[in-house]
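K.L.:
The lines below spell out each chain.
There are 4 protein chains.
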Amino acid sequence: MNSPIRVTVWGENHHENSERDRAAMAERYPEGMHGAVAAGIKELLGDAVEVRTATHQEPDHGLTEEVLENTDVLTWWGHMAHDTVDDAVVDRVHQRVLGGMGLLALHSAHFSKIFIKLMATSCSLSWRNSRDTELVWTVSPSHPIAQGVPQPIVIDEQEMYGEFFDIPEPDELVFLSTFTGGEVFRSGVCYRRGKGKVFYFSPGDQDYPVYHHPDIKRVLANAVEWAAPAASADFQPPAVRNQPEPFFAAELKQKESADV
Amino acid sequence: MNSPIRVTVWGENHHENSERDRAAMAERYPEGMHGAVAAGIKELLGDAVEVRTATHQEPDHGLTEEVLENTDVLTWWGHMAHDTVDDAVVDRVHQRVLGGMGLLALHSAHFSKIFIKLMATSCSLSWRNSRDTELVWTVSPSHPIAQGVPQPIVIDEQEMYGEFFDIPEPDELVFLSTFTGGEVFRSGVCYRRGKGKVFYFSPGDQDYPVYHHPDIKRVLANAVEWAAPAASADFQPPAVRNQPEPFFAAELKQKESADV
Amino acid sequence: MNSPIRVTVWGENHHENSERDRAAMAERYPEGMHGAVAAGIKELLGDAVEVRTATHQEPDHGLTEEVLENTDVLTWWGHMAHDTVDDAVVDRVHQRVLGGMGLLALHSAHFSKIFIKLMATSCSLSWRNSRDTELVWTVSPSHPIAQGVPQPIVIDEQEMYGEFFDIPEPDELVFLSTFTGGEVFRSGVCYRRGKGKVFYFSPGDQDYPVYHHPDIKRVLANAVEWAAPAASADFQPPAVRNQPEPFFAAELKQKESADV
Amino acid sequence: MNSPIRVTVWGENHHENSERDRAAMAERYPEGMHGAVAAGIKELLGDAVEVRTATHQEPDHGLTEEVLENTDVLTWWGHMAHDTVDDAVVDRVHQRVLGGMGLLALHSAHFSKIFIKLMATSCSLSWRNSRDTELVWTVSPSHPIAQGVPQPIVIDEQEMYGEFFDIPEPDELVFLSTFTGGEVFRSGVCYRRGKGKVFYFSPGDQDYPVYHHPDIKRVLANAVEWAAPAASADFQPPAVRNQPEPFFAAELKQKESADV
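Protein chains in written order, with UniProt numbering: chain G, 1 to 260; chain X, 1 to 260; chain S, 1 to 260; chain Z, 1 to 260.
These are calculated hints, taken from the structure and not from any lab test.
Any given hint might turn out to be false.
For identical chains, the list gives no copy identity; a pair is met inside one copy or between any two copies.
Unchecked claim - Below, in silico cross-link-like pairs of lysine to aspartate or glutamate (DMTMM-like), each with a Cα-Cα straight-line distance of 20 angstroms or less: (1) LYS253 with GLU69; (2) LYS253 with GLU157; (3) LYS253 with ASP156; (4) LYS42 with ASP215; (5) LYS253 with ASP60; (6) LYS217 with GLU50; (7) LYS217 with GLU65; (8) LYS217 with ASP234; (9) LYS117 with ASP87; (10) LYS42 with GLU225; (11) LYS117 with ASP60; (12) LYS117 with ASP171; (13) LYS117 with GLU31; (14) LYS117 with ASP86; (15) LYS117 with ASP207; (16) LYS117 with ASP83; (17) LYS117 with ASP47; (18) LYS217 with GLU43; (19) LYS117 with ASP91.
Just need the whole structure built from these sequences, with the hints factored in.
P.N.:
Shown next, in the form of structure tokens:
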């Protein structure tokens with residue numbers, strides 16, 4: 001694909017503005033978490049991407065028809081305001097995914113409306129916020145998303161996300177995480193839905209500077225490239241075909257059948 | 001499991017009562033399509049099941065909390081009235097599936113609200129109603145749902161359902177169908193969602209007596225047994241576990257890592 | 001299935017007889033590791049199984065044609081003597097699996113000839129023997145093999161097996177293990193090969209009394225039931241069908257095609 | 001990946017030289033089937049590939065250590081001479097696949113030693129040579145191998161390959177074929193083994209000019225790009241890691257566990 005991948009990095013942008021977290025966030029993520037995610041992708045993919053950001057507070061949460069029509073890959077980070085995301089926007093994003101747009105759901109976005117809708121399960125999990133160290137292990141070494149990262153990635157401090165994580169069996173399992181407390185989590189999982197690709201990646205909490213971690217930036221950049229649609233994408237969700245002409249003019253010749 | 005599997009066979013029961021189809025349906029399915037599906041399951045599984053029927057026209061579509069609390073496996077056939085199914089009932093069924101209830105979605109139920117919700121895709125397909133012969137081929141011969149049927153099952157007359165069928169990659173692919181017109185369809189597919197099991201099986205149109213076909217009855221009976229929850233099922237959807245105690249008291253020892 | 005599942009528990013029976021380990025093994029596994037595995041299955045499944053043992057030292061390693069013809073599920077534990085297992089016996093077991101026999105490969109059997117042959121990969125892994133605690137987490141709570149065990153299973157002392165474990169992507173992933181050292185392992189994985197089912201389960205080292213652990217016994221008993229072939233099994237591996245008659249007499253009607 | 005993908009097209013080159021087929025093959029495939037496959041890949045991928053051919057009759061079947069060390073993707077077509085392929089060469093190819101080389105197994109290569117070894121099943125199927133028309137249907141429209149081909153691909157004349165095809169459940173199912181006779185076949189299937197990717201594609205018999213079909217050439221070119229290893233590939237099969245240092249210094253804190 002010669003033209004750049006058009007990436008929209010969506011941020012809930014709540015902690016950045018909340019009374020409680022504002023000061024710490026300004027230090028940890030001066031451009032917001034979405035700013036950090038966007039910067040990492042730009043840093044690693046350069047001219048191969050065009051990156052914009054959009055946030056919850058903008059009209060249509062920054063995800064108008066026009067923005068989505070110009071988005072090949074959408075990344076989504078949310079946490080406190082899932083319920084206030086407009087259902088019409090969620091449906092719009094969903095249709096775009098079915099039509100071929102890639103989606104990267106990050107960390108607490110496991111409980112976002114769009115991810116729950118795409119998984120069709122509760123997406124519940126086990127969690128504890130106690131500065132666990134997280135180790136991210138690759139279990140699919142030839143997968144494009146796992147290229148260029150060590151075995152394991154070491155994240156000094158992170159929130160713990162643990163099993164049972166109520167998601168459908170992934171189409172591809174790329175990463176497993178362990179934590180100081182002994183827990184395990186399917187932390188990097190791939191799905192296809194309609195014509196679109198979905199990647200969930202759990203590292204990345206607002207309380208820790210995970211999106212500045214070079215290996216995490218590498219994973220996100222790899223995932224953007226993996227999730228990008230084919231150059232020929234028309235972004236139409238698969239449609240019903242009514243009464244197509246048959247290819248064969250046929251009739252049943254015999255009915256004897258063999259056991260398997 | 002010693003106690004019988006409690007099966008609820010749900011029927012839209014529209015064609016049975018419509019001006020246009022009433023006469024033909026009374027001949028083809030004198031007890032309704034739900035009646036035929038229920039009879040087939042009872043015939044083959046006997047005392048191992050307790051079967052009841054429920055229809056769209058009943059209060060709560062016959063799917064009250066109490067009915068669902070006493071249902072291990074629900075079968076669903078609908079066609080013309082998908083849109084008039086109450087969302088609250090759909091959510092109730094969905095929660096019950098996540099908690100462990102089995103669901104068999106039949107034929108045109110590919111467009112039912114509950115199936116679309118569970119798949120999270122458009123579930124669109126290609127179709128033609130022109131008395132095609134359908135051959136149902138087993139591609140997973142050791143799968144419990146495929147036991148006791150010939151290779152292939154021959155259905156003399158059926159509506160054609162063809163690819164592309166917009167569903168997630170199945171967890172298990174059991175049957176593929178071909179048609180006189182040359183089309184192909186993933187006609188028997190398995191999913192796990194939460195604690196529940198879902199089987200979609202496409203043969204079975206209102207215009208043809210497919211549910212009287214002995215091999216089709218065998219598939220449905222097998223699928224009921226496959227989809228039944230474990231004896232210990234508590235039917236609670238997987239829940240979040242907040243701040244569980246760690247299992248290990250640990251600290252990071254070293255950070256050297258190896259490439260994959 | 002009314003007739004009992006015929007289980008053959010195979011043991012390498014090396015550590016039990018070696019100069020170095022004999023004394024400790026006699027205390028830990030007085031009937032041998034195969035004896036302990038067999039006893040656990042009998043204890044939990046009772047009349048539903050007929051269990052025999054076979055060991056490396058017997059003629060044909062105890063796996064004659066006749067024994068295999070009377071085996072529904074074979075469990076395999078080996079460690080030091082993989083290379084001395086006769087290729088002809090391995091081929092015989094392989095053919096029986098393709099024909100429908102279940103196979104449970106246990107712990108260090110990841111490097112057995114039969115498991116490597118079935119996986120077709122190196123089956124290499126990371127390991128350390130330093131009395132790690134192992135936690136076995138269920139990631140497929142409705143899977144029959146995971147019924148009746150706590151979340152997680154706690155094994156006080158075990159050898160560490162860690163990723164990258166070079167196996168094909170499992171058909172079903174049931175258990176993930178973590179270790180005191182922070183490692184992770186896909187410790188319970190399911191495959192179908194031909195008509196047979198294969199389950200690999202890693203807990204169970206000669207240096208620790210893991211096969212006396214009640215939860216581990218439960219997993220093995222569940223796996224025996226899961227891996228058992230259908231009552232109608234003929235144990236013939238899938239065969240070529242040469243020049244079958246066509247079902248349809250057909251000709252190509254048209255060649256117009258639609259883009260996906 | 002900026003440097004070209006190094007492709008080796010292997011041909012059994014038997015029919016091209018046999019008394020019976022020589023004349024017809026010279027007309028149908030004047031450069032041999034391997035010549036046609038190679039030409040199609042070069043035509044569509046241009047400077048992005050370096051393509052060479054190798055045949056059964058050459059020393060080491062043309063697959064010396066040096067050739068394999070300079071091969072990113074190997075395509076394999078064989079039919080009559082599977083048994084005469086040297087086991088040492090098969091092992092060499094197998095190790096290279098585990099290390100990251102892509103493998104495309106074509107048509108009757110379902111019975112090649114290398115494909116059977118990688119699948120670990122019988123790879124048996126149903127077949128009939130009676131000039132069936134084959135329709136190749138895409139069931140994974142966003143898969144890179146399916147880009148740029150119509151739905152379905154129409155092959156006027158082909159040998160029939162039908163189910164049951166005794167292969168492991170594919171990691172990704174891309175194409176399904178139907179035939180004039182009503183049969184169905186999983187004709188395009190993807191696997192990962194070790195670090196390598198494997199694609200089996202059934203269209204392409206010596207009796208028909210299938211490798212000149214523009215859509216078939218497109219599939220093969222797409223598959224070469226899909227199967228190519230990452231730029232950073234070291235081609236070492238995954239290895240055992242003995243006694244690695246633990247990442248955590250930990251001890252068990254508590255043993256209370258929760259049911260799933």
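K.L.:
Each hint needs a verdict: does it hold in this structure or not?
P.N.:
So, going through the hints one by one against the coordinates:
Within a single copy, LYS253 and GLU69 get their C-alpha atoms no closer than 50 angstroms, and across copies no closer than 39 angstroms, so neither meets the 20 angstroms cut-off. Taking identical chains as interchangeable, the C-alpha atoms of LYS253 and GLU157 lie at most 20 angstroms apart only when they sit on different chains, with a minimum of 14 angstroms there against 68 angstroms within one chain. In this homomeric assembly, LYS253 and ASP156 come within 20 angstroms of each other (Cα to Cα) only across copies, at 11 angstroms, whereas the closest approach inside a single copy is 68 angstroms. For a Cα distance limit of 20 angstroms, the shortest separation of LYS42 from ASP215 inside one copy, 15 angstroms, qualifies, whereas the shortest one across copies, 36 angstroms, does not.
In the homo-oligomer, the alpha carbons of LYS253 and ASP60 never lie at most 20 angstroms apart, since the shortest distance is 59 angstroms inside one protomer and 47 angstroms across protomers. For a Cα distance limit of 20 angstroms, the shortest separation of LYS217 from GLU50 inside one copy, 16 angstroms, qualifies, whereas the shortest one across copies, 33 angstroms, does not. With identical chains, the CA atoms of LYS217 and GLU65 are never at most 20 angstroms apart, being 28 angstroms at best within one copy and 38 angstroms at best between copies. For a Cα distance limit of 20 angstroms, the shortest separation of LYS217 from ASP234 qualifies neither inside one copy, at 29 angstroms, nor across copies, at 23 angstroms.
In this assembly of identical chains, the alpha carbons of LYS117 and ASP87 lie at most 20 angstroms apart whether taken from the same copy (11 angstroms) or from different copies (15 angstroms). For the identical chains of this complex, LYS42 and GLU225 are intra-copy neighbours only, at 12 angstroms inside a copy versus 25 angstroms across copies, given an alpha-carbon limit of 20 angstroms. Within a single copy, LYS117 and ASP60 get their C-alpha atoms as close as 19 angstroms, which meets the 20 angstroms cut-off; across copies the closest is 24 angstroms, which misses it. Proximity of LYS117 and ASP171 under a CA criterion of 20 angstroms is satisfied in both settings, with 17 angstroms inside one chain copy and 19 angstroms between copies.
Taking identical chains as interchangeable, the C-alpha atoms of LYS117 and GLU31 are never at most 20 angstroms apart, the minima being 29 angstroms within one chain and 37 angstroms between chains. Both within a single protomer and between protomers do LYS117 and ASP86 lie at most 20 angstroms apart by alpha-carbon distance, with minima of 13 angstroms and 18 angstroms respectively. Taking the closest pair of Cα atoms, LYS117 and ASP207 never come within 20 angstroms of each other, the shortest separation being 27 angstroms inside a single copy and 34 angstroms across copies. When the C-alpha separation of LYS117 and ASP83 is checked against a cutoff of 20 angstroms, the pair qualifies both within a copy, at 13 angstroms, and between copies, at 19 angstroms.
Within a single copy, LYS117 and ASP47 get their C-alpha atoms no closer than 33 angstroms, and across copies no closer than 39 angstroms, so neither meets the 20 angstroms cut-off. In the homo-oligomer, the alpha carbons of LYS217 and GLU43 lie at most 20 angstroms apart inside one protomer (9 angstroms), although the nearest pairing across protomers, at 37 angstroms, exceeds that limit. Taking the closest pair of Cα atoms, LYS117 and ASP91 come within 20 angstroms of each other both inside a single copy (9 angstroms) and across two copies (13 angstroms).
In summary, the structure is inconsistent with hints 1, 5, 7, 8, 13, 15 and 17 from the numbered list given earlier, while agreeing with the others.
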